Amino acid sequence: NAGVTQTPKFRVLKTGQSMTLLCAQDMNHEYMYWYRQDPGMGLRLIHYSVGEGTTAKGEVPDGYNVSRLKKQNFLLGLESAAPSQTSVYFCASSYTPQGEWTEAFFGQGTRLTVV
Amino acid sequence: GNSVTQMEGPVTLSEEAFLTINCTYTATGYPSLFWYVQYPGEGLQLLLKATKADDKGSNKGFEATYRKETTSFHLEKGSVQVSDSAVYFCALMGSSNTGKLIFGQGTTLQVKP
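Protein chains in written order, with the working numbering: chain A, 23 to 137; chain B, 5 to 117.
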């Protein structure tokens, strides 16, 4: 059971380049999330999804786009990378057995540097 | 909107000392509250949770009580170990259960032998 898998684990981009981060979960979870972690800022929610085909904005959505075409995958895109997007990105997933929300399961993170 | 505020770190303690990490929140209604822990180089994992007022979450010697009157969910442990050194995050899920899970800024704990 792999849980939540993020690809890639490390990446260096030049300013203006684009890229897509992939998050895959094999637990059949409804909810999926993308966060960024920066020193002193904690985890900030970028976008999230409450089911296949749905997405919603989080606290810091600007400069990012997401898609959830398949239930098990949640993609985070950077169309034109900026140095301010240098961060560690975490994906998470969760579910609601019998309508009650439970814990979120996290991936290992993607360290992105934009130069 | 909803928000979570944690005490600033880092917190440095000697082994077997008592730990308190403060967490307060702003939310309407009755959110669910969580503590997550992040060990170096890893993702976050759930430590404990409480879903209604006056509930006490506990795990691995850690405890936190959901206090509606003070909008707080402080994390405590009676005797910390070196292996507890990590970053601790307080988190909130709003009462409307929209799926929006937000975190505080995290508190780094360092325990010295």
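Wrong hints could be hidden among the right ones.
[As the list claims (entries may be wrong)] If you want a taste of the chain B side facing chain A, the calculated C-beta under 8 Å gives, among others:
id, residue
1, 14
2, 17
3, 46
4, 47
5, 50
6, 63
7, 64
8, 65
9, 71
10, 74
11, 93
12, 105
13, 107
14, 113
15, 114
16, 115
[To be verified] As a list, the in silico DSS-like pairs of lysine-lysine whose alpha-carbon atoms are at most 30 Å apart:
id, chain 1, residue 1, chain 2, residue 2
17, B, 64, B, 81
18, B, 104, B, 81
19, A, 92, B, 56
20, A, 79, A, 93
21, B, 116, B, 56
22, B, 116, B, 72
23, A, 36, A, 79
24, B, 116, A, 79
25, B, 81, B, 56
26, B, 116, B, 81
27, A, 31, A, 79
28, B, 72, A, 79
29, A, 79, B, 56
30, B, 104, A, 93
31, A, 31, B, 81
[Said to hold, decoys possible] Only part of the chain A face toward chain B is listed, based on derived beta-carbon distances under 7 Å:
id, residue
32, 49
33, 53
34, 72
35, 74
36, 76
37, 123
38, 126
39, 137
Everything labelled a hint here was simulated from the structure, so no lab data went into it. Since the structure is predicted, the reported quantities are computational estimates derived from the model, not experimental observations. All C-beta atoms, glycine included, are put in the ideal place defined by N, C-alpha and C.
| said: Run the distance test for residue 116/B versus residue 72/B: straight-line Cα separation, threshold 30 Å. | reply: Outside the cut-off at roughly 34 Å; violated.
| query | Taking only the CA atoms, is the gap from residue 104/B to residue 81/B under or equal to 30 Å? | reply | holds (28 Å)
| message | residue 63/B was flagged as interface toward chain A. Is the shortest Cβ-Cβ separation under 8 Å? | response | violated (11 Å)
| field | Hint check: 8 Å Cβ-Cβ cutoff, residue 74/B to chain A | value | violated (21 Å)
| Holds or violated: residue 31/A with residue 81/B, Cα cutoff 30 Å? | Violated, at about 33 Å.
| request: Mind checking the alpha carbons of residue 31/A and residue 79/A for me, to see if they're no more than 30 Å apart? | output: holds (24 Å)
| Is the shortest C-beta separation between residue 53/A and chain B less than 7 Å? | Holds, because the Cβ-Cβ distance from residue 53/A to chain B comes to roughly 5 Å (cut-off 7 Å).
| Distance restraint between residue 64/B and residue 81/B, which requires alpha-carbon spacing of 30 Å or less | holds (9 Å)
| said: Holds or violated: the hint that residue 71/B contacts chain A, with Cβ atoms closer than 8 Å. | reply: violated (20 Å)
| field | Pair hint residue 79/A and residue 93/A, alpha-carbon separation not exceeding 30 Å | value | holds (18 Å)
| said: Holds or violated: residue 116/B and residue 56/B, Cα atoms, limit 30 Å. | reply: Distance of about 35 Å is beyond 30 Å: violated.
| query | Is the hint on residue 74/A kept, meaning its closest Cβ partner in chain B is under 7 Å away? | reply | Violated, because the Cβ-Cβ distance from residue 74/A to chain B comes to roughly 13 Å (cut-off 7 Å).
This entry does not satisfy hints 1, 2, 6, 7, 8, 9, 10, 14, 15, 16, 19, 21, 22, 24, 31, 32, 35, 36, 39, going by the numbered hints stated previously.
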